[in-house]
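Participant: One line per chain: the protein sequences are A and G, in this order. Just so you know, we're using the working numbering here: the first sequence kicks off at 1 and counts up by one. Just so you know, we're using the working numbering here: the second sequence kicks off at 1 and counts up by one.
A hint or two may mislead.
What the hints assert, rightly or not - Example chain G residues on the side facing chain A (calculated, C-beta under 10 Å, incomplete):
# : residue
1 : 170
2 : 320
3 : 409
4 : 421
5 : 425
6 : 430
7 : 432
8 : 434
If you are wondering where the hints come from, they were derived from the structure by calculation, not from laboratory data. Since this is a predicted model, take the numbers as computed values, not measurements. The C-beta atom is built at its ideal place from N, Cα and C for all residues, glycine as well.
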Amino acid sequence: MHRVLGDRRAIALLLGPALLVYSLIMLVPMVWSLGYSFTKGNTIDGFTGNGVANFSRLFDDPAVRDALWFTLKYAVVVTAGQVVAGYLLALLYVFFLRRASALIRTLVFFPVVLPTVAVGLLFQKFFQVAPQTGPVNSLLNAVGIDSIDFFGSSGSAFWVLVAMDIWRSMGFYAVLLFAGLVDIPDEVLESARLDGATGLRLVRHIVLPLSLPVLMSSLIFSINGTLKAFDSIVALTNGGPGNGTTPLTLYMFQTSFTYSDYGYGSTIALLLTVVSLLVSLVVYRVSRRDLTEG
Amino acid sequence: MSLRMPRSRRTRLSLFTAGTASLALLATACGGSGGGSSAAPDNFNYLSVTENTTVKTALTTLSKGVCKPANDALPLKVETVPQASLDQKLQLLAGQNALPVQFAAGNAPALTQQLAKSGKVADLEPKLKELGVLDQLEPAAVSTIKALYGGKLEVLPYEYNIEGIFYNKKIFADNGLAVPGTWDELVSAAAKLEAKDVQPFSASGQQGWPLTRLISDYLFRSLGPDALRKVADGQAKLTDPEYVKAADEVAALGKKGYFGKGVGSIDYDTAMNQFLSGKAAMFYMGSWALANISDAAQNKVGAENVGFMPFPAVAGGKGSVDQYPSNVGLGITLAAKSFDKKTGAWVSCITENYGATALKDHGTITGFKVNTEVKDANAVTTQVRDTVSSSRQNVLWFEALFSTKATTISQTNAASLVSGSMSPQQFMQTVQDALAAQ
């Protein structure tokens, strides 16, 4: 075996096809797309090179700043919400419901399998103010508060969006973290209890450190997903009101396909790639350090 | 297992790999360019928007009636997309050189001009002259199209609309209101209605344009018909105080709640429905709404209860009420490469017969001549037709001379303007920035 793997030609032969396919369907489009960020134009007029103009525009464009800020805010808030809610649910499954948790687990997991667009429409109806008063506003009216136009300002639209995405995905994180908690040996928990650790202290000193690896994977999962959020936002608010809930992904989409500015759209995509890369690196380093300590 | 491969087999394998690679490269290289040949179409493909049902239905009627010979040679085939994604679809199709035979022009005339510049859109004036049907188009419609499309006839006037305020006569009479002649009278009428718990206006904030039209109309009345031409030419900015004033006036209507609740989530159909079911007293819309007003199934207040008034005058303004905002609706364009004899037969049949069919079946006014005597569906249709023929000067709409980007920005932010989450100054600045970015 060693002789085969030491032979360069054998390596080339074994890796070649896979590398070729990978290059053709991954690397070529990526480099191609990078190339577009140095151009101006669209499919109708054709493309012309314009140097680094797109990049300097990226720094001057207030819409990019707004979108980047929204993307980061959304990623942080939704990630925190998803993982915390998921973890609390997982604790509930393991320590309170124990073996009876299957039904609850299924029910909480249910929104994960629903199509995002359907969930978006559901929440739209749920929070709507006109032409019909939605259930949330009916409830507010019943306790004597005037209807709120949730999608009328970017602040309230943001929170509806956050609520929707947490509701939609917490079941997934609950199941993921549940798997981590189930892995903790019973003897460890038992001996901790004998030593007098109960309730919050048990969670803080025993359960949390032991489930840290899976918690970190959840964080990476969640941050990666939320930085690239697109479908749920389009379904619920379509970036509105104005561009109040427009993340980078949607701004990129609009720039390329609605405003027909492919070059600049591709520059925005590059920015998103860099942001995702940086965040992933940070999370990876933090998680590595924590693991060695724990 | 032997670890060495026989040489001949290795050569064959590497040759195979190299062959696959070059084939794959060839395939990707071809993908980009696409075929540019002008293939004769198999169908009279018509790409339309979901929101507009009139053109679709009227064309189908024609295809079974007078245009049957043209339809037999080139069968009509309708495809629709939501208006909001029309521009996108057209740009993608144009990039692939796959534009249908006939399609709804983009939401901003700028897109059609761009398509025309790259030779994708048929220049209709010589084509229609050749077919001998150019005189079937109303001169007013032709001049409106030319004003919009850089002096060229690039779309067919399936609609010819003037815009104004439709009002519910019964609600006005019940509340002792006269038809407002000035902006101040309009605002005070709205205040009176609001005080009596009647929603003064219905408007779609989701579409945005029904709101931005109010701004442009105010500008045309206060600054004169060339107000927006000056912005397009760079002689004036939307952020100039007299321009911001218009946004200010419209925002004030919203601030007082005259558009009802949640205007941003009201779509076109809902706004129409609010007016036609008597829940709102006034509805700013183009004359294409006559199709809905004439339809007894949709119009619960009855066509006899609907009146039409021009956008009111602004005290001390340079414009006058007989300058009507007019347009050709969502213009419909023909692709250059598929305009052949069979398409020509369809086009001649349409220009000769569409006007009468649309008026008779849908009560809508088009830019085609009405060649057979048609009785108007109702009084308000007659009123609008009379207004069209007596109209002195046409003005455009807010986004008419804007780029696709500025159009989108203006329309998506309109709801924020009237809901108060964006100040008039901010709104005009945002649109002006989008204009400057192009």
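Participant: Next, verify each hint and record whether it holds.
Facilitator: Now the hints, each set against the structure:
1. 170: 21 Å, violated
2. 320: 34 Å, violated
3. 409: Since the shortest Cβ distance to chain A is 8 Å, the answer is holds.
4. 421: 4 Å, holds
5. 425: 14 Å, violated
6. 430: 8 Å, holds
7. 432: Violated. Min distance 13 Å.
8. 434: 9 Å, holds
Hints 1, 2, 5, 7 from the earlier list are contradicted by this structure; the remaining hints agree with it.
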